[in-house]
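Following the hints, put chain B in place on chain A, whose structure we already have.
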Amino acid sequence: MTVKTLNAARPKLVLAAARYREVGLAFFILILIAAVSLRSPNFLTAANFQNIFLNISILIIVALAQTMVMITKGIDLSVGSMIGLVAMMVSFMIKIYPNFPIPVAVALGMGLGAVLGVFNGLIIAYGKVPPIIATLGTLSVYRGLVFLYSEGTWINAFEMSRTFKLLSKAAPLGLPNLVIFAIVAAVLVFFFLNHTRTGRDIYAVGSNPDAAQYAGIRKQRIIFTVYVLSGIACGLGGVLWASRFESAQTNTALGFELQTVAASIVGGVSTSGGVGTVPGVLLGALLLGIIQNSLTLVRISPFWQLAAQGLLILIAVVTDHLIQRGMQRRSG
Amino acid sequence: MTDTPSPAQKTQRPTLINEFAPRRSFLARFQRWEWMLVALIIAVIFLNSRLSPFFLNGRNISRTSSDFMEMGMMMLPMVFIIISGNIDLSVASNLGMCASFMGWLFNQGVNIWVAALAALLLGMLGGLMNGLLIARLKIPSLVVTLGTFAFFRGVAYVLLGDQAARGYPAAFKYIGQGMLPGTLVPFSVALFALLALIFGLVLHKTTFGRYLFAIGSNQNSSIYSGVPVERIKIIIFTLSGLMAALAGLILAARFGSTRPDIGTGLELSVITAAVLGGVDINGGIGTMPGAVLSLTLIGLMRFGMGLLNIQGQVQGIAIGMLLILSILLPNIIRQTSGTKALLKRQVFWRVLAVAGIFALFFYFFFWSRAPVLAGG
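Protein sequences appear in the order of chains A and B.
Numbering follows this note's numbering, in which position 99 of the first sequence is assigned residue number 577; successive positions increment by one, without gaps.
Numbering follows this note's numbering, in which position 213 of the second sequence is assigned residue number 1606; successive positions increment by one, without gaps.
Simulated from the structure, these hints should not be mistaken for lab results.
A quick note: this is a predicted structure, and the numbers were derived from the prediction, not measured.
Among these hints, one or two may not hold up.
Claimed, not checked - A short, non-exhaustive set of chain A residues, derived as facing chain B with CB atoms under 7 Å: (1) 629; (2) 636; (3) 749; (4) 777; (5) 782; (6) 785.
Just so you know, even glycine gets a beta-carbon here, dropped at the ideal spot from N, CA and C.
Next comes chain A alone, as it looks inside the complex:
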C-alpha cells in the first residue's frame, strides 16, 4: 500500500528524467567503448572487461551505500577512512592468526564497519549534526584511529595467508569472487530500495522529510539505518580491499569518498535527495572504470586520469542539468 502511494506521489517528470538519464548514460558508454576499441584492439576483450569489473567492484559496493545515504539528502565523507580502518584491523587479525577463517574475517569486517556506521548514524540522526560536518569529522577521526592502531606499520602481502588473498581473486563460480560480491550487493540493494518498506521509506525521507514524518515514517531511524548500512558496506569493502591489494597501509582508500560520490552523481543521484537508482549508479561506476582503463590502453599519460575524471563529472552534471531544464520547459 505504502509502496504504491509513494510511487504515484513521485512526480512523473523526475521519473522520466531519471529513466532518460540511464539510457543516455548507457548510450554514452557504448560510444566510448566503440571509440576506444577503434584505437586499441586490446580493449574489447573478455580479459580486459574482467579487469575493469575487478577494478570497480569495491567502488560499486561502497557507491551503492553512498547512494542510499545521498537519497536521504545526506552524504558520507568518512567511507575512505572506514575502509582504511577496517582493512587495517582485519589484516592485523590475519597476520596474528594465519588460519583465521575467511568467512569470520568477512563478518568481522562488516561488524567493525557497522560500529563505525553506528557512530555516524547516532550523531547525525539523533544528535542532529549536519551529515557533511559529522562525516567530515569522522573522516579525520577514523583516519587518525588507523594511525593510532597501527603506529604507522603496514601489513604486507607476505604477512597474509594465501586463502585470504584468494578471497577476492578465486573464481569458483566462473567470475572472480570480488565481482560476485559486487553483483550480490547490487541485487540486494536493488531489492531493498524498490521492494521493501524501509527501502521506500528512504526515498520518502529524502523527497520530503517533514511529509515523511507526518506519514508516520520514523525519519530518524531511517537516517540512522542508511549510515549503518554505509558502515557495513565499507567494512566489506575494507576486507576485500586488503585481500585484493594484498596489503593494508595507513593511507588505504585515502580520498575514496569522492570517487563514490562521483560514481553516484554521474549515475544520476541528486544531492538534494529523493532521487537515485541502482542501475544508474552501476553505470556511473562502470563509466569511471572504463575511462580509467581506456586512458591507459590508449597510452595517455596516467597523469591525465584525474583531470579526465573531473571533466567527466562536470560534463555529466551539466548535460543532466540542461536536459532536465529542457524537459521542464517543454512540459511546463
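Positioned in the frame of chain A, the structure of chain B alone reads:
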C-alpha cells in the same frame, strides 16, 4: 548546501544562545560561541604550557603560526561562501593547480613574479568557472566543486607529472618564510591579519556582507528583494579561487618547491576551521572573528600536540571530535533539557547498548593491535 533551509534546521546552530537551555547553567553564561572559543584557547595554552616547556617560546610560535596561513587564506572566502549557503570543495585542488602552474612556468624559464601573477589569474579563472556553473546553471555548489576538485588537481598532475619545481629565488621565498624586518612576525601572518581585517569589515560592515547573510538565510526571498544573487555568488567563488591561488604561492614559497600533490586534503581542514568558528553549514549564520579564533585554536592544538610528538593524523582525532562536539553538545543540551528523557527506561537501555558496542569495539581495538606491535 541546501538552497532553502527549513526553519527547523535554522535552530540547530552551533551557538549556545537558546531559550531552552537550563537557566544559569555553566555553558549558558557564554552568551556567544566566540567566548567559548576564547575560553578553549586559554585552556589549550594553559594545558600546553604545563605539558611542554617549549610551548611558550616566541620563536616557536612565530614559526608555527606561518604553517596555518594557507588554511587561513582559504578560510576567509570560505566563510563568505558557507554563510551564503554554499560550499567550495575545490579550494585545495585550485591551490595545487595554481602552484603547479607557477612551478611549470618557472621551469620553462619564466620570471617568478610573472609566473606568480599568471597563477593568481588562473586561480581566479578556476573560481570564476565554479561561480558561473553554480550561479548561472544553478547546479548545487557541492556537485560543481566536487567535479572541479578532481579536475583542478588533475590539471596540476598534467602540468608537473612526477616532476617538482624548485630553486625559487630568495626574494620569492620571503613571502612564505620571511619575517617582517626587525620582528618575529612572519610576512604571511601579517598578510593574513590584514586580509582577515578586510574580509571581516566587508562581511560585517557592508551591504555586500548583509547580502551574503540574506542569501544564506533565504535565497528565494533575497531574489525577490532585489539582491543580485547571481552576481554575488560569482564574485565570492572567484574570490575563493584568487585566495586559493595566493595560498598556493605562499605554500610553494614556504616549501621552496612545488609538487602536484601540494596541499592535498586542505579543503577539509579549511571547512573544519570555518564551521568550528560558528559558521552554520546551512548558511545565514557566522562571524569572521569566530572563524579566526577557531583557526587560532586549531593551530595551538596542533602545535601543542606536535610538541608532544603526536603524529599529524592522530591529531586529526582531536580536531575531528572537537568539530563534532562543537555542534553535538549544544544540540544535546537543547534536546535533553531537564534530563527527563535520559531517565526513560527505553532510552536508558538503548544508551547502555550503544555504550556496550563501543566498549567492545575499543576492547578489540587495543587487544588486537598489541601482539603485532609487540612482534615488531
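Now the hints, each set against the structure:
1. 629: Because about 6 Å separates residue 629(A) from the closest Cβ in chain B, which is inside the 7 Å limit, the hint holds.
2. 636: Violated, because the Cβ-Cβ distance from residue 636(A) to chain B comes to roughly 14 Å (cut-off 7 Å).
3. 749: Constraint on residue 749(A) satisfied, holds at 5 Å.
4. 777: violated, 15 Å
5. 782: holds, 6 Å
6. 785: holds, 3 Å
Going through the hint list in order, the structure does not satisfy hints 2 and 4.
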